[in-house]
Amino acid sequence: MSYLTLSITLIFVLIPLTLSKTLKLGLEKDTIIATVRSIIQLLAVGYVLQYVFDAEHYIFIGLMILLMIAAATQNARRKGASIQGITWKLIVTFIFIEVLTQCILLGLNITPPTAQYIIPISGMVIGNSMVLGILFLNRFTAEVESHQDETELILSLGGTPKQAIHSQLIASIKASTIPTIESQKTIGLVQLPGMMSGQIIAGADPVQAVQFQLLILFILLTTAVVTSIALGFLSYPTLFNERMQFLKWEDNDS
Amino acid sequence: MSNQAIVEFKDVNYSADGLHILKNVTGSFPEGKITTLVGPSGAGKSTLFKLCNALKSPQSGEILIKGKSIDNYDPVELRRNVGIALQSATMIKGTVLENLELPLVLQGKNIEKGFAEELLHDVGLSSEFLNRSAKELSGGQRQKLSIARTLVNYPKILLLDEITSSLDRVSQHDIEELIVKINKKYGTTIIWITHNLKQALEIGHYTWVMMNGEVIETGESSFLHSPKNERVLQFVKGELD
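So the protein lines, in turn, are chains A and B.
Quick note: the first sequence uses full-length UniProt numbering, first residue 1, plus one each step.
Quick note: the second sequence uses full-length UniProt numbering, first residue 1, plus one each step.
Below, a list of computed lysine to aspartate or glutamate pairs in the EDC-like style, where the Cα atoms sit at most 16 Å apart:
no.: 1; chain 1: B; residue 1: 23; chain 2: B; residue 2: 62
no.: 2; chain 1: B; residue 1: 93; chain 2: A; residue 2: 149
no.: 3; chain 1: B; residue 1: 135; chain 2: A; residue 2: 149
Partner residues aside, some chain A positions facing chain B, computed with beta carbon under 8 Å:
no.: 4; residue: 149
no.: 5; residue: 150
no.: 6; residue: 152
no.: 7; residue: 153
no.: 8; residue: 154
no.: 9; residue: 156
no.: 10; residue: 157
no.: 11; residue: 158
no.: 12; residue: 159
no.: 13; residue: 160
Note that these hints are calculated values from the structure, not bench results.
If you're wondering where the values come from, they're calculated on a predicted model, not measured in any experiment.
Ideal placement from N, C-alpha and C gives every residue a C-beta, glycine not left out.
Between the sequences and the hints, there should be enough to build the whole structure, so can you do that?
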């Protein structure tokens with residue numbers, strides 16, 4: 001696709017702008033900002049990727065992955081601000097899931113050890129892990145908040161912190177992973193996944209595109225479950241101190 | 001108090017969120033007796049319970065359980081020996097049986113049916129309740145189950161936090177009888193927070209009066225008939241709340 005052709009696609013931006021202006025929806029400013037940002041960010045990434053692919057050097061691959069982890073951490077940490085040390089917990093989770101998936105993919109020769117495969121797959125793994133992390137942290141902090149009485153009860157009966165938080169932890173892990181599992185049940189029926197569509201448009205064999213998409217889907221299943229479990233087990237101990245006291249406890253003294 | 005102390009507070013201070021909740025609390029609770037804790041709202045009574053159960057730790061001072069500093073106990077062991085039943089009578093999702101056996105499940109064990117039925121009988125609940133959902137119980141029934149659940153651990157000390165305040169007169173009376181029965185049958189030391197001075201006089205062997213985080217007056221409950229402290233007198237007359 002040439003830049004001229006690409007510029008014609010701006011028609012798809014003009015349509016919402018015109019509608020917004022006509023109907024006084026007030027979306028013009030945000031639409032323009034979103035368009036400009038997406039053009040700059042994606043073009044920049046495109047050029048960076050081209051450079052990294054040409055260089056074929058592991059240092060650049062490593063830097064790209066670190067950049068992804070840093071951006072994902074920055075984005076997700078706000079959702080878990082109430083959990084002590086959430087930044088490093090997210091970093092550990094993202095590194096763990098990235099190492100795990102790449103070890104399986106490269107170790108079993110499923111994908112070749114080139115930037116062309118490692119970087120896009122890492123992007124999908126870390127990106128998905130970030131979304132899952134946000135979903136998990138949202139749910140977990142809400143569960144902990146709303147079940148303080150049960151946590152208090154179990155501790156008071158001689159339960160350990162892990163026992164006191166167990167049901168909230170399981171509920172949060174389930175709630176955050178269910179969307180991934182559910183969406184995979186209907187995939188291909190309602191919409192074609194983005195990566196697969198992209199490959200087909202670029203001229204790839206649809207069956208091969210499906211094979212890669214399945215690979216990604218299976219990886220995302222692991223990512224979803226491992227992210228939630230890792231974050232959960234890294235996070236819950238910080239809710240208690242060494243005397244097994246619940247630190248989020250509020251004083252409702254009478 | 002002449003009996004041997006099972007719980008002792010020595011100059012205990014506790015603050016949270018910038019509030020000085022317990023101020024230089026000193027005193028003891030005698031072993032095998034029922035001590036009631038009375039005082040207006042915000043006196044720090046519930047916080048004192050959480051300190052006894054090691055759910056919180058004081059910033060200064062010392063708490064001794066059977067003469068040993070509370071910090072030297074393993075929290076899990078301590079909490080099995082110092083049971084606590086709260087006004088909220090929180091239940092986990094599930095049946096009466098699942099709630100009753102919770103303290104044992106936490107230790108990787110299950111409750112024997114006979115023991116479960118005996119406990120329910122002790123607190124005045126029929127064994128037919130065992131398979132009912134705990135959420136369906138009335139306020140009084142929940143309180144009874146909450147006490148029975150605490151008894152599963154055979155605690156040496158039982159802390160009861162306003163367990164009758166939201167109950168009707170009949171249920172209140174049942175619980176009062178139950179407290180006396182537990183004290184006699186198991187020799188359990190009972191510390192009971194209540195707003196009801198009649199309960200303190202009739203059931204409590206000893207009473208602590210707390211106000212604004214301080215212990216104002218203690219002694220055999222009969223002192224409530226003629227307290228020495230002016231503020232306690234006002235409280236007894238119902239002029240403070």
